[in-house]
Amino acid sequence: MTDLPASSAGSATGVSEPATRATEKPMRERLVRLADHFKREWQIYVMLAPMIIWFLLFLYKPMYGLQIAFKDYSIFRGIVESPWVGWEHFETLFNNSQFLRAVKNTVIISALSLIFGFPVPIFLALMFNEILHALYRRTCQTIVYLPHFISTVIIAGIVITAFSPSAGIVNTIIGWLGIEPVYFLTKPEWFRPIFIGSGIWQEAGFSSIIFLAAIAGVNPSLYESAVVDGASRWQMMWKITIPSIMPTIIIMLIIRIGNLMEVGFELIILLYQPATYQTADVINTFIYRQGLQSGQYDLAAAAGLFNAVVAFVLVMTANSISKRVSRTSLW
Amino acid sequence: MRHLTLASALLTSMAVTTPAVADGHLKIVDEPLELTIHMHHKRYPAYNEDWPVEQEARRLTNIHLKNATIGSNTDNSGEAINLLLASGKLPDIIGTSRIKDVVNQYGPQGAFMPLNDLIDEHAPHLKAFFEKRPDIKSAISAADGNMYYIPYLPDGKYGRAYFIRYDWLDKLGLDVPQNVDEVKAVLEAFRDGDPNGNGLKDEVPYFARQWEELIRLVTLWDGRSSGSDTYHDFYVDGGQIRHPYAGEGYREGVKNLTEWYAEGLIDPEVFTRGSSAREYLLSEDLGGMTHDWFASTSGYNRLSSEIEGFVFKAFAPPASISGKRIEEHRRIPIKPDGWAIGGTNKHPVETIKYFDFWFSPEGRNIVNFGVEGVHWTMEDGKAIFTDAILGTGRPVNSQLYELGAQLHARGYFQDYGYEIQWSNEFALEGIALYDEGDYLIDQFLGVAFNKDEQAVYDKYWPSIRTYMLERQQAWILGTGDVEADWDDYMADLDKMGLNDVLAAMQSAYNRQYGG
Amino acid sequence: MSAVVLKDIYKRFGAVQVVHGINLDVAAHEFVVLVGPSGCGKSTTLRMIAGLEEISEGSLTIDDRAMNRVAPKDRDVAMVFQNYALYPHLNVADNIAFGLRIRRMKKDVIARSIIEVAEILGLTEYLDRRPADLSGGQRQRVAMGRAIVRHPKVFLFDEPLSNLDAKLRAQMRAEIRRLHNRLGVTSIYVTHDQVEAMTLADRIVVMNDGRIEQVGTPMDLFMNPVSTFVAGFIGSPPMNQFTGTLESDAEGASVTIGGARISLPDTVPSDPGRDVIIGIRPEYVSLAAGEASSPVAIKLDLVEPLGSEALLHAAIGEDPFIIKAETFGDVSHLSGLTEVHVPAAMVKVFDAATGRVLNRAAG
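Protein chains in written order, with the numbering used here: chain W, 420 to 750; chain H, 2 to 516; chain B, 146 to 508.
Do not take every clue at face value.
[To be verified] Only part of the chain H face toward chain W is listed, based on derived beta-carbon distances under 8 Å: (1) Gly89; (2) Ala112; (3) Gln211; (4) Pro269; (5) Phe272; (6) Ser276; (7) Ile327; (8) Asp416; (9) Asp459; (10) Lys460; (11) Pro463; (12) Thr467.
[Claimed, not checked] Straight-line Cα separation of at most 30 Å, BS3-like style, residue types lysine-lysine; simulated pairs: (13) W/Lys606 x H/Lys460; (14) H/Lys496 x W/Lys523; (15) H/Lys67 x H/Lys138; (16) H/Lys90 x W/Lys480; (17) H/Lys202 x W/Lys606; (18) H/Lys336 x H/Lys314; (19) H/Lys172 x H/Lys325; (20) W/Lys606 x H/Lys496; (21) H/Lys172 x H/Lys138; (22) H/Lys325 x H/Lys256; (23) W/Lys606 x H/Lys185.
[Unchecked claim] Covered by chain H, according to a simulated footprint, are these stretches of chain W (three or more residues, beta-carbon under 8 Å): (24) 487-499; (25) 694-701.
Hints were generated in silico from the structure; no laboratory data involved. By construction, the Cβ of each residue, glycine as well, lies at the ideal position given by its N, Cα and C atoms.
Put together the whole structure using the sequences plus the hints.
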């Protein structure tokens with residue numbers, strides 16, 4: 420009902436100012452149509468509202484705070500009152516060789532975890548799918564899901580213990596082979612394999628759920644048809660299962676690429692040592708040490724913004740490549 | 002009104018020397034006055050108005066604190082204070098852990114009230130305290146010369162000490178090591194002599210819960226590892242600010258510690274063993290020597306019931322190569338925790354008087370011990386805990402927190418008498434040992450930067466610190482040679498701006514401590 | 146020589162038996178349709194022939210070769226599925242070639258086969274498309290193509306038309322039959338639609354509750370159902386059925402329905418007092434009196450004109466009675482109808498207790 424005065428006002432100006440009429444009329448018509456639509460379908464808009472409000476409140480409003488990346492931010496003064504400093508924080512970052520090293524490490528660790536970590540849940544899902552005995556399958560699944568529910572602190576403890584030079588299982592095993600114990604967690608060259616490996620160990624099982632769901636969604640008659648056509652289980656996996664879940668794989672890959680710059684930094688904080696900074700220090704840990712520990716929120720925001728922009732470019736690129744090559748895309 | 006209260010405050014301060022004056026002499030206001038407070042500490046994320054200590058303070062001062070804490074749902078005080086500041090509305094009193102940096106940064110912007118004039122005019126006990134301890138006054142002053150908070154002031158000098166297995170020494174026929182060479186000899190004997198008698202060469206001669214306590218050993222070669230109770234901190238050398246990791250003694254120390262590490266005198270897993278190192282290595286009868294806190298480490302002598310002859314006691318700091326015996330670590334006399342007055346407080350005079358109340362003899366007893374007659378009684382002029390506290394078998398400090406006493410988010414002067422009453426006999430013995438020699442050295446109490454100094458510090462220091470620690474661990478682990486690398490290391494530090502950071506600190510230090 | 150022989154086939158899922166002993170000989174080049182209501186075991190039977198389900202008991206031979214333990218791929222059968230089972234990620238040509246590639250046939254042979262099959266099915270211009278870009282009928286044809294291309298001994302169809310709309314279904318039905326006439330491959334076809342069964346089959350197998358009710362040519366089933374079940378299943382609309390008691394007098398056997406005496410054919414064994422069900426096909430009710438036909442009074446309820454014919458919904462007493470009558474271009478003469486005539490020869494008589502027919506036609 421509130422639309423009525425607005426539209427009549429629109430028509431009034433339309434009459435008094437014929438010059439603007441041409442541009443105003445379609446606009447007005449559109450508004451009127453929108454109002455009609457709203458009156459008819461208001462339930463749908465009501466249902467939409469919580470989502471819109473959620474987005475505005477929790478995603479768009481915080482973006483307002485990104486501007487502190489360009490300000491000399493003081494919590495007490497607030498965002499608006501803090502003075503602008505332009506690109507100063509970015510200059511500080513890019514003039515810092517440790518930041519550049521962190522960027523490099525972030526990219527390397529992410530890329531390696533993507534290369535080695537991404538296929539593992541798919542393999543797991545395919546393997547689970549081949550287990551016919553239901554109880555055995557469920558047991559296996561539970562076992563590999565389990566690490567996901569262990570807190571990062573415990574995971575770090577397990578990793579530290581496992582790689583301990585005196586009592587760790589890894590050194591015990593290589594000791595049998597006659598190799599001297601290695602203090603893995605202080606060796607820069609071992610940090611990435613250990614970090615990526617423990618990440619895979621923790622998450623691969625749980626991540627396989629989505630691929631299992633995709634496999635479960637494959638029409639069973641495709642397999643029956645293939646059986647009649649004479650396909651072996653191996654051929655069915657390659658020619659039916661994998662192509663059928665390819666859209667899921669690609670979507671997950673795009674999402675992973677979007678998170679490429681987000682390295683699980685809690686685990687790094689718990690596992691790294693000054694001795695391994697050269698391979699372990701990522702953007703997030705750098706920010707943690709540099710910014711948050713000493714309250715430099717503006718600098719941290721600048722680094723975070725840089726991170727986000729890179730991630731955005733990556734995900735856009737991955738999406739458009741995928742759209743062109745495989746006809747699958749997030750949007 | 003103002004004169005009246007001033008007069009009564011003066012009266013109070015005069016009354017200090019003569020106890021048992023008429024009740025009511027501590028009253029700050031005639032009618033009860035409510036002040037709001039934000040109090041956050043990970044142990045008590047809100048101010049509890051039912052604390053017996055608060056109730057007692059109400060009775061005596063007529064000031065009622067009302068809880069107005071923001072962020073009680075987090076145990077991170079830094080987050081809570083940021084939320085509070087971002088809300089823009091500060092309560093009358095703000096008490097939190099790590100308040101110093103907050104008030105020094107935002108006090109000059111008007112978020113907190115400068116206290117100097119208020120103390121001079123209205124707080125006789127605080128005034129008297131600062132006159133006696135000008136170093137503390139300097140240490141808590143911001144760059145603009147004003148004090149913005151009243152700190153929690155720990156009492157008692159000793160923190161960490163050298164601990165060793167006396168029974169192992171006896172077994173191997175060794176004396177308590179008196180210098181660095183003897184320490185080395187003892188550690189080698191621990192390594193080779195199978196003091197735990199299990200036939201395995203599994204002893205860990207020197208271990209530490211924090212790997213930084215390994216670096217602490219550079220003091221045995223006249224190096225330094227930190228100037229305060231914070232690791233890797235700057236130190237003051239004859240009025241000059243220096244960093245321990247850029248000194249010759251440090252270089253010598255690291256060189257030797259690298260050898261010790263390579264020879265197996267140091268826990269090979271010292272960097273990753275973590276906080277459970279002491280518990281594990283002592284209870285498994287593996288660890289020989291460490292550098293750790295008096296009270297908690299002495300407590301491990303309870304293991305003597307499980308391990309035959311177990312004695313793990315403090316020994317005096319061994320003499321360094323030049324013959325100096327120092328204990329680098331000590332309890333810092335002043336913590337960055339405490340409370341401050343909000344910039345919009347309408348009763349600053351009453352508030353500073355309330356702050357002052359906790360420095361009066363009566364207030365100090367309440368904040369240290371609880372309520373007289375309930376939790377403690379006066380014997381020979383000393384507050385002695387009653388069975389209500391000592392008889393429960395629970396840790397005394399936890400009990401006191403529950404009463405609202407010994408809250409570090411409150412500005413108060415701790416009384417070591419509270420701790421001595423329940424300290425382990427081995428700890429007291431060790432403290433007596435350390436009291437015989439004068440091993441403690443002066444602490445660097447920190448500086449308050451002005452804006453330019455802060456900018457220099459923020460720009461260079463985190464990276465320098467990262468670089469120093471990387472090199473340090475690499476050397477100890479043997480992936481670099483401190484002798485060969487030293488000149489390049491110093492050049493790198495210079496390139497990374499260490500001298501600029503030192504200059505900024507020096508200018509702040511000179512301003513603050515009148516150097 | 147029979148191409149496919151099922152002998153005493155049983156299927157059990159755990160403790161539940163779903164197929165109770167099936168015997169069926171399918172001749173070479175024959176088109177046999179298994180028809181029955183859902184859950185009657187027809188699909189299970191087909192899947193046992195394909196090898197997708199294990200045979201619990203009994204023997205299956207194809208071309209005299211025992212197949213019980215032979216893997217599906219070695220049975221030389223091809224199957225067309227209800228939902229086509231096309232691989233969404235492959236185009237039409239690759240879908241058709243899938244089975245050949247699996248068998249590692251030569252590339253040029255595969256290419257030739259694809260072209261050949263595409264021509265037969267009119268898919269030539271769609272070879273590059275993916276299933277998602279095809280209409281339902283085209284997808285169906287691709288599914289057929291995938292079966293044809295392998296030149297199997299037996300085609301198995303599992304309700305292949307049930308996902309199509311009525312018009313397309315009729316069209317595809319004819320195409321399948323034409324294809325069969327052309328290729329002559331032995332086919333076993335499962336459907337629940339009796340029209341499909343009637344139009345496609347050389348022989349129809351009517352199944353009910355895991356058993357075969359009757360096997361016969363479409364016309365045989367239509368004219369001589371062996372049971373009330375087949376009588377009710379085959380024919381559209383189905384046969385009218387009334388319960389009554391056999392009477393016998395000088396004029397022969399009869400049953401009284403709603404007060405009308407209906408003469409029965411003389412093939413009905415004389416057994417007065419027996420409870421029976423009589424069946425009258427809607428098509429064989431005449432509006433005019435004829436020789437050896439019984440007049441029946443009806444209450445006409447509704448006339449549904451279908452064009453050349455009309456369905457009359459009527460009742461004898463309380464029992465519903467459907468009559469299919471010629472319209473001769475006009476339904477007005479039907480609306481006042483009060484009496485019809487039932488020719489005795491067209492009445493089927495079933496035992497009320499067993500449902501089996503009592504007057505089975507000779508031969």
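To see whether the hints hold, each was checked on the structure:
| no. | hint | result |
| --- | --- | --- |
| 1 | Gly89 | holds, 7 Å |
| 2 | Ala112 | holds, 5 Å |
| 3 | Gln211 | violated, 13 Å |
| 4 | Pro269 | holds, 5 Å |
| 5 | Phe272 | holds, 5 Å |
| 6 | Ser276 | violated, 11 Å |
| 7 | Ile327 | violated, 25 Å |
| 8 | Asp416 | violated, 33 Å |
| 9 | Asp459 | holds, 6 Å |
| 10 | Lys460 | holds, 6 Å |
| 11 | Pro463 | holds, 5 Å |
| 12 | Thr467 | holds, 6 Å |
| 13 | W/Lys606 x H/Lys460 | holds, 29 Å |
| 14 | H/Lys496 x W/Lys523 | holds, 22 Å |
| 15 | H/Lys67 x H/Lys138 | holds, 29 Å |
| 16 | H/Lys90 x W/Lys480 | holds, 21 Å |
| 17 | H/Lys202 x W/Lys606 | holds, 25 Å |
| 18 | H/Lys336 x H/Lys314 | holds, 28 Å |
| 19 | H/Lys172 x H/Lys325 | holds, 28 Å |
| 20 | W/Lys606 x H/Lys496 | holds, 27 Å |
| 21 | H/Lys172 x H/Lys138 | violated, 51 Å |
| 22 | H/Lys325 x H/Lys256 | holds, 19 Å |
| 23 | W/Lys606 x H/Lys185 | holds, 27 Å |
| 24 | 487-499 | holds (count 5) |
| 25 | 694-701 | holds (count 4) |
Violation of the numbered hints given earlier is confined to hints 3, 6, 7, 8 and 21; the remaining hints are satisfied by the structure.
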